[in-house]
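Peer 1: Model the full structure from these sequences, guided by the hints.
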Amino acid sequence: MHEIQAAVVAEHVGFLWWIPALPAIGVLFHIFLGRRVRETVVSVIAPAVVGLSFILASVAFCRIWSGPPGLVLQQTLWSWLPVGSLNVAFALQVDALTAVMILVVTGVGFLIHLYSVGYMHGDPGYARYFAYLNLFTVAMLLLVMADNLLLMFVGWEGVGLCSYLLIGFWYDKDANASAGKKAFIVNRVGDAAFLVGIFLLFWHLGPGAHSLSFTEIAERARHVSPAVLTAVTLLLFIGATGKSAQLPLYVWLPDAMAGPTPVSALIHAATMVTAGVYMIARLHSVYELAPVSLEVVAIVGALTAVFAATIGLVQTDIKKVLAYSTISQLGYMFLAVGVGAFAAGIFHLVTHAFFKALLFLGSGSVIHALNGEQDIRKMGGLRHHLPITYRTFLVGTLAIAGVPGFAGFFSKDMILARAFAHAPILWGLALVGAGLTAFYMLRLFSLVFLGECRADARTKAHLHESPSTMTVPLVILAVLAVVGGYVGLPEFLAWGNRFGAFLAPVVGNGEHAQHHPQLTLELALIGASILAVLTGMGLAYRFYVQAPEIPERLARRWRGAYRLLWNKYYVDELYDAAIVRPVTQLAHFLWRQFDLAVVDGAVNGAGEAVQETGRWLRRWQTGNVQHYALSLLLGTLALLAYFLGRG
Amino acid sequence: MPLLSLIVFTPLLAALMLVGIPREQAQALRRAALLFSLVPFALAVWLLLEFNGARGDLQWTERAAWIPRYGIHYMLGVDGISLFLVVLTTFLMPIVFLQAWDVHKRLKEYLVLLFVMETGMLGALVATDLFLFYVFWELMLIPMYFLIGIWGGERRIYAAIKLVLYTMAGSLLMLVAMIYLAIAHQQEVGQYSFAWEHLLQLRLPLETQRLLFAAFALAFAIKVPMFPLHTWLPDAHTEAPTGGSVILAAILLKMGTYGFLRFAIPLFPEVAVEAMPIIAVLAVIGIIYGALVCMVQPDLKRLVAYSSVSHLGFVMLGMAALNLQGVQGSLYQMLNHGLSTGGLFLAVGALYERRHTRLIAEFGGLWAPLPVYGALFLVVMLSSVGLPGLNGFVGEFLILLGAFGRFPWAAILGTTGVILGAVYLLWMFQRVMFGPVTNPENKSLKDLSVREIAMFAPLVVLFVFMGLYPKPFLVRMEPSVRLTLERVESRARSASSACNDGIACVARGGQR
Chain A
1 MHEIQAAVVA EHVGFLWWIP ALPAIGVLFH IFLGRRVRET VVSVIAPAVV GLSFILASVA
61 FCRIWSGPPG LVLQQTLWSW LPVGSLNVAF ALQVDALTAV MILVVTGVGF LIHLYSVGYM
121 HGDPGYARYF AYLNLFTVAM LLLVMADNLL LMFVGWEGVG LCSYLLIGFW YDKDANASAG
181 KKAFIVNRVG DAAFLVGIFL LFWHLGPGAH SLSFTEIAER ARHVSPAVLT AVTLLLFIGA
241 TGKSAQLPLY VWLPDAMAGP TPVSALIHAA TMVTAGVYMI ARLHSVYELA PVSLEVVAIV
301 GALTAVFAAT IGLVQTDIKK VLAYSTISQL GYMFLAVGVG AFAAGIFHLV THAFFKALLF
361 LGSGSVIHAL NGEQDIRKMG GLRHHLPITY RTFLVGTLAI AGVPGFAGFF SKDMILARAF
421 AHAPILWGLA LVGAGLTAFY MLRLFSLVFL GECRADARTK AHLHESPSTM TVPLVILAVL
481 AVVGGYVGLP EFLAWGNRFG AFLAPVVGNG EHAQHHPQLT LELALIGASI LAVLTGMGLA
541 YRFYVQAPEI PERLARRWRG AYRLLWNKYY VDELYDAAIV RPVTQLAHFL WRQFDLAVVD
601 GAVNGAGEAV QETGRWLRRW QTGNVQHYAL SLLLGTLALL AYFLGRG
Chain B
1001 MPLLSLIVFT PLLAALMLVG IPREQAQALR RAALLFSLVP FALAVWLLLE FNGARGDLQW
1061 TERAAWIPRY GIHYMLGVDG ISLFLVVLTT FLMPIVFLQA WDVHKRLKEY LVLLFVMETG
1121 MLGALVATDL FLFYVFWELM LIPMYFLIGI WGGERRIYAA IKLVLYTMAG SLLMLVAMIY
1181 LAIAHQQEVG QYSFAWEHLL QLRLPLETQR LLFAAFALAF AIKVPMFPLH TWLPDAHTEA
1241 PTGGSVILAA ILLKMGTYGF LRFAIPLFPE VAVEAMPIIA VLAVIGIIYG ALVCMVQPDL
1301 KRLVAYSSVS HLGFVMLGMA ALNLQGVQGS LYQMLNHGLS TGGLFLAVGA LYERRHTRLI
1361 AEFGGLWAPL PVYGALFLVV MLSSVGLPGL NGFVGEFLIL LGAFGRFPWA AILGTTGVIL
1421 GAVYLLWMFQ RVMFGPVTNP ENKSLKDLSV REIAMFAPLV VLFVFMGLYP KPFLVRMEPS
1481 VRLTLERVES RARSASSACN DGIACVARGG QR
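Residue numbers (the working numbering), protein chains in the order written: chain A, 1 to 647; chain B, 1001 to 1512.
Be a bit skeptical, because a hint or two may be false.
Listed below are the simulated DSS-like cross-link pairs for lysine-lysine, each with C-alpha atoms no more than 30 Å apart in a straight line [as the list claims (entries may be wrong)]:
| no. | chain 1 | residue 1 | chain 2 | residue 2 |
| --- | --- | --- | --- | --- |
| 1 | A | LYS173 | A | LYS320 |
| 2 | A | LYS173 | B | LYS1471 |
| 3 | A | LYS173 | A | LYS378 |
| 4 | A | LYS173 | A | LYS568 |
| 5 | B | LYS1108 | A | LYS173 |
| 6 | A | LYS568 | A | LYS320 |
Computed, partial: chain A to chain B, Cβ under 8 Å [said to hold, decoys possible]:
| no. | residue |
| --- | --- |
| 7 | GLY84 |
| 8 | ASP172 |
| 9 | LEU590 |
The set of hints was computed from the structure by calculation and includes no laboratory data. For clarity, every value in this text was computed on a predicted model and none was experimentally measured. We put the beta carbon where it would ideally sit given N, CA and C, even for glycine.
Peer 2: Now the structure itself:
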């Protein structure tokens, strides 16, 4: 693997900066002119800049594709932070990994911009919305194109900012604003750890100048002690658990659904939340030197995958189900990178971007049609009214459930196989998660599209399929949610894992590493996962289509467990009681009891004492300014004499 | 040409010229003040362009005898440490004068005092004679006393007196220490001297140095303000008029941190190295304590005031690191804090002009009536939060990076300030700007005027520029910071040749 990386071919190209700069131009346009021009102008410019970016990203992708293995496109824009031995550049790079990421970001991003044109039509904050959305694209592109850790952090926090702004986009509702704030703050907790990781790394990189570029880090990491690397990688991973909504910092993502639905699709499903996975893949050579950290990543990923899936079983808000499913799927990606299957993790990231964006946009179409209703108990039977949404949503459901032939099947199975090779227990967890996923997704699908419509009459009368700006992206994403999987087939099929081969020069080709499963074993594993998926789907069909009384009966029978899941394991309440409230109380205490009582008490007390003395001294005082000046001088001289006497 | 003298005294000249304008012509007074304030700024820009960024020592020095018998001279000079603080001061004054359109009470005196204040601040920044520095240092205090005492809020008298007493308590001891230094110079060399460059050469017994350092440090720590000497600040800030708060936060507090870097540390390097762990601990307490107290403030302005305690904690933490990243970050953060906290006070002031209250509970949902204000306030708030891509991040990152090299645990604890900073600022912003408009009085508020936008615009441009391209600042600071650190290092090393007790081990993690 290292020998492959040694063969890095760098090429300096001048157009890279345009990829993030185009959406940046969009941002400036919306800010300064957005409110003055008609809505149509904004709705042309906002997707157009991202579309142009996509074209440039494709050009870069083709260069990598057709170039020698290990080709890296680079562009250094300016020297950013030169202080002593620190010399960080504002520099961009595109290698195979980044090429994949920018295609997803600009490609899916473009579709979601397009969709938003219809979805946000008539909103008073139209220009503001697109300013935020374009800004998000800029930050996300910076995150994946940065050639060093610190610039990546700029994008990292930048996407967090846009997430904050977009979750609270409809700011006049307090709940939305609170959700946005929560997202930012929880992310900041992770980011603080991330920063400490950077500090620790910097001070252990050895003598000489440091650009903190990924190439440099990969090179120098070999000379850093394993203990330090473990600490660094774990700290960076804490950052990832914030951004990518893993245990224990996932709590912001379900609340983030308060934002407009296209935002949930783009930011809280397809792109931003995958940043942590990208970060680990990007730093894979450091993580590989810290096996303990990788183990932690894998375990956290597997646990999150199951944990979030169980909550998803009982949620009734269409977006909340999808949110927990996102957390769960992100868990799979971390499981993948944790067991060293970096390419598989990124592969799942890509397919997930397709089908989860599709599912969210589909849910947006449903919500749109139902006049804002998000409760799946009040839906049902929508297949007749929303034919395109229905079909595309079905594709998405099958893809995420991991039905053979759909994208999610290939990527998830690659992860399962590698997990099994690493530790069967992780595989077991992932398999359970897969079954749960199939169950809650089919439950969601059944409750929304099958059976009888449970909406009230007025809503029913207004049911309509969404406009074409919304359905066209759905169709495109549905196609991708099928064909997207075929770039990474199992090794024994047709053209094999093209995706893995493409990424191999960057993240190594783990498939050839030790423990490559036997063909029979691989087939057995695939069989097991298909069985799990079919069981999950079958149960869901039985529960929610054939015999809808079963779930209620179960909920009554297993009341405790049901309530635990319904209340999301009371984690929010736990954090509130263990952290939020004590800190607030401490703050009150410090202000009232320390600042005002102790310090100011002492100061005011001293002041009063002086006044008292003054009253007593007044007999000798004339109230004349000269006298005060004189005493000041005398005091000064006395002190001086004292000092001189000592010296 | 005496460029520094021009920069320092053109504001005083402006004050004199304002005296000549009749007080009835309020508009003429404001316009003249704004125009005059651009002169020192233009001169400072000229200084910036002519400044030799490769040199670490004092430039543009001026020297004239004042009271030569006691070694007191009129001596000015500028280096990479003071350069940008000078520019910052002159840059912010026009903004403060733009804000003066909202001042109606005793306008003329207000404007005159601001100019006197500017001379005091600029003088203190470029004075290289300790006595001269002290004169300017005290000169700043008097106008601020009146600014708070006359134009302040309800508890203005209490606040003003508290400010003066606090500050005087420290600065008198500092004066004693300065005089002691001059006399010590006389005993060592044969003649009195208050010249900074002469006093750097003094070799005093460690015991004496400790006392002298303590005297300087106390004066500066009160000004910074460092925990637990900060309680004058919330009162002074809250009661001061908007312009006064801006100056207080943006520049006056920097006199404390600047004083450490210019005087307390280089004059007593051995003791400074000894004291830095204490400073680091107090700085970290300040960061966390200030942020926590911010969270529960019901008064918007008091919240911003306490945020200064937290932010200045960062500045001191970076300085305590005594390495390039830390100290340069500290210097950079001084500028950042000046700009972003200045901006926050302007934002609070703009609300106060509209509603005559500063209570957070009175607001809510202001984005709807005030979208332009909201957008600008948002950027200012994010700059203060230290969002990467904006100026605040550069400073905080360098500070924490540097601090980590010397005091890892302090840096780790300080990093929690990054979280808390987001907590109190975002929560404040939410309660003021987001949610439904609960108070009917807020529904019909008028958005920012062109003049008010003009106050914020230069700040916002600088936030972005300084966040994305800090190099022009950093490279001009570096030689002077390096020189200062080298002096500290060599003195501390020679003081105890054996590097075993950790005191003299400045080199460890020093010049990285």
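Peer 1: Next step is simple, just say for each hint if it's right about the structure.
Peer 2: How the hints compare with the structure:
With a CA separation close to 18 Å, the supplied pair LYS173/A and LYS320/A stays within the 30 Å bound. For the hint linking LYS173/A to LYS1471/B, the alpha-carbon distance of about 42 Å lies beyond 30 Å, and the restraint is violated. Pair hint LYS173/A plus LYS378/A holds up; C-alpha atoms about 23 Å apart against a cutoff of 30 Å. In summary, the hint linking LYS173/A to LYS568/A is supported, as the alpha carbons are separated by about 23 Å, within the 30 Å threshold.
The hinted pair formed by LYS1108/B and LYS173/A fails the criterion: a straight-line CA distance of about 45 Å is larger than 30 Å. For the hint linking LYS568/A to LYS320/A, the alpha-carbon distance of about 11 Å falls within 30 Å, and the restraint holds. Interface hint status for GLY84/A: upheld, as the beta-carbon distance to the closest one in chain B is roughly 3 Å, under 8 Å. A least Cβ separation of about 5 Å between ASP172/A and chain B falls short of the 8 Å threshold, and the interface hint therefore holds.
Among the interface hints, the one on LEU590/A holds; its C-beta lies about 6 Å from the nearest C-beta in chain B, closer than the 8 Å criterion.
The structure shown violates the earlier hints numbered 2, 5.
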